[in-house]
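J.: In the order they appear, the protein sequences are chains P and Y. Start counting the first sequence at 11; every next residue gets the next number (the working numbering). Start counting the second sequence at -8; every next residue gets the next number (the working numbering).
Keep in mind that the hints were calculated from the coordinates and are not lab data. Please note: incorrect hints may appear among the correct ones.
As the list claims (entries may be wrong) - SDA-like, lysine to any residue: derived pairs with alpha carbons at most 20 Å apart:
(1) 322/Y x 214/P
(2) 236/P x 297/P
(3) 189/Y x 99/Y
(4) 335/Y x 65/P
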Amino acid sequence: MASHHRESAVLAALVVALIVAFLLSLALGSVWIPFERVGAILIGNGGGSNPEYSLIIQTVRLPRALTALLAGAALGIAGLQMQTLFRNPLADPFALGIASGASLGVALVVLTSGAAAATIFGSNLGMAGDVWVTAGSIAGAAAALSVVLALSTRVESPATVLIVGLMFGYAAQAFTTVIVAGAEPAKLQDWVRWGFGSFGGVTREQLPIFVPLILAGLAIAAATTKQLNALLLGESYAGSMGLNVRRIRFVTMAGASILGGVVTAFCGPVAFLGVAVPHMCRGLLGTSDHRALVPATVLMGGIVALLAQVVSSSRSLPLNAITSLIGAPFLVIVLMRNRRGVFTA
Amino acid sequence: MEPPNRRAIFRAIAIASVSLILTLGCTRFPEGSSATDGRSCIEKFDPATDYFAEKAKFEFAENISVEYRKSYKVVTVRRPSENGSLEHYVLLQCGAPRPVLTGDLANAPIVSVPITSMFSDSATHMPLLVELGHVDVLTGINAARYVTTEPVLDRIRQGKVVEYAPNYVINPELVISKAPSILMVGGGTLDEYKTIRKAGIAIVVNPEWEEGTALGRAEWLKYMALFLNEEGKAQRSFDVIRDRYTALRARTRSIPERDRPRVMTGVASRGMFEVSAGASYVSRLIADAGGTYIWSDNTSKGVMTVDLEAQIARASSADFWINGREWKSLKAMLAEEPRYREFKPVRQGSVWLYDRLVNAEGAYDYWSRGVTRPDLILADLIKIFHPELATEHEFVWYKQVPAE
Chain P
11 MASHHRESAV LAALVVALIV AFLLSLALGS VWIPFERVGA ILIGNGGGSN
61 PEYSLIIQTV RLPRALTALL AGAALGIAGL QMQTLFRNPL ADPFALGIAS
111 GASLGVALVV LTSGAAAATI FGSNLGMAGD VWVTAGSIAG AAAALSVVLA
161 LSTRVESPAT VLIVGLMFGY AAQAFTTVIV AGAEPAKLQD WVRWGFGSFG
211 GVTREQLPIF VPLILAGLAI AAATTKQLNA LLLGESYAGS MGLNVRRIRF
261 VTMAGASILG GVVTAFCGPV AFLGVAVPHM CRGLLGTSDH RALVPATVLM
311 GGIVALLAQV VSSSRSLPLN AITSLIGAPF LVIVLMRNRR GVFTA
Chain Y
-8 MEPPNRRAIF RAIAIASVSL ILTLGCTRFP EGSSATDGRS CIEKFDPATD
42 YFAEKAKFEF AENISVEYRK SYKVVTVRRP SENGSLEHYV LLQCGAPRPV
92 LTGDLANAPI VSVPITSMFS DSATHMPLLV ELGHVDVLTG INAARYVTTE
142 PVLDRIRQGK VVEYAPNYVI NPELVISKAP SILMVGGGTL DEYKTIRKAG
192 IAIVVNPEWE EGTALGRAEW LKYMALFLNE EGKAQRSFDV IRDRYTALRA
242 RTRSIPERDR PRVMTGVASR GMFEVSAGAS YVSRLIADAG GTYIWSDNTS
292 KGVMTVDLEA QIARASSADF WINGREWKSL KAMLAEEPRY REFKPVRQGS
342 VWLYDRLVNA EGAYDYWSRG VTRPDLILAD LIKIFHPELA TEHEFVWYKQ
392 VPAE
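Construct the complete structure from the given sequences, taking the supplied hints into account.
T.: Listed below in structure tokens is the structure:
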């Protein structure tokens, strides 16, 4: 029972921390807006004598905070799913080539000259451009995962599967580099900035694509917590419990590639969150029970992403540098305190 | 540190290549031309003769200076790149004996002038060669696809120019084997060229884009001229441009602050904004054209990245937006980034781009001729901000972005 108390306490604390982080993300930015003004704008009272204040909050900070929250949650969950599926504490969307596959998909769409590129840069198709980038990213992520998945049915050792995922990732990166080398400088600038990772590129107009896809991916994880728990005990055990292992593997992989692919498409390859957030949650909760881990990972992913975003935009530093800098020490502390190993039952 | 024997070998190779260039250089010019016109090699060296009759003087460019010492010139680029330290080059009249150089100059690259061949890593160097009538010295460029200057494109089509980094990766063996008199780089990339410099190829920087004024930037024509012994030609060309520029600027001098439109620049990219910096030549051009640049209090040079929200705070009520990406219409702009709507110039249609003249390959004439013709850029900008002050002027590069 004590562990249930602990779980509830941790989840409650995370909810509070998430709200604080979200408000911080709205209140802080490179332009100083007094807190009372931020509050007034949020409850609909406008920016007063500075109309640009409400513009900044509504068009820059609000979509950015929402994106950070959801992207952090998505990456955390994708990492959790991968770690459980491969029973490997190092698995995350990057290690299994998902992010590299997604990057390759985006590079193909963004950088190659031709019809696809024309739709995005300098056309009047508008939203169609984002749809293409997102589709490219998800397709790349799914391609990477299906290779890894196909192999994982034939190879017993999870370590071998992980290595194949890494190798696929390197191959995808190599193709991406070849495309980048032949691209035009004007397009490269966008590409480079995409690679830094950013939650600020998603506009209010894009949120109707971004939000439902992420929510769908998160819903898959929320609906499969029992099956994930069973997988943690080994696939043969899960099979003996009457679980359709093949199906749950497929559903979980599909969910992870949607989450990883969508976030990568809109925010770039955001490092670290995917592998670290599940460990932080396991450490805080003291359990690997997915019924507690999934909500905790959603909350913790959102918190870490929001805090990283606040630091990144106030210092004008690339997001990818920040996620690792603030996340890594925290993860180490959590792991050091938790001597029972990473996967606790 | 290199072992001394290796250094000696490099030095021997360097001397050998310099003397080879000297020999080649000398054979290029017919006999009988005078020894002080700068175009021919010295046949009988006289230490008392000043071999450079025409001397360059820099009025606006802040980053460069030259000192004439009878048979050679000492060129100094103060800030070759953002954090780079001062660079010296010794330009030695061909046929003159190598001077004894000490101190800072002991390790400076020695270039025999006039140069007979040249590699370049920037399309902005091309118009300088055209203006001085020496496209024929160009023998190599990093990648042909960035070139927009017509006479240079011709030369590339004739196969007289090699590409030494067509996909960003420099091929040092190609550069070293072709042994150009100089390899001119745009600055900021010097580290990449270390090996080539050690092999004895003279790497010279041309960070013209770091100048704080358009006239300073255009004056780098004289820098190119130093290597070609064309100081006189460069000075005469530049004087015409300078006089036209200052005459145009005089028209906007008396415009009071309240009548100066507020001007923004740049492109949004994933929640950030790439803009011209406050101490850039673009910022200065805006001021000279009778406008107020929204980042004019900033002291950086070149371009800078600001947060989207910082840009909104400063620019949402701007009157004009100049320079951006190749937007075909305001509608296309908004499709790319819906938040462009928050800027007044987009809502009222006062966005202007320099895409009036674009060649068949889609390359902008502005980026080739614009380097040496700030007077024309200024005239275009005055016509945008204060049409009544430039009624006689026809737009050269700038065009208003249409709604659809």
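J.: Please flag the earlier hints that this structure goes against, numbers listed from lowest up.
T.: none
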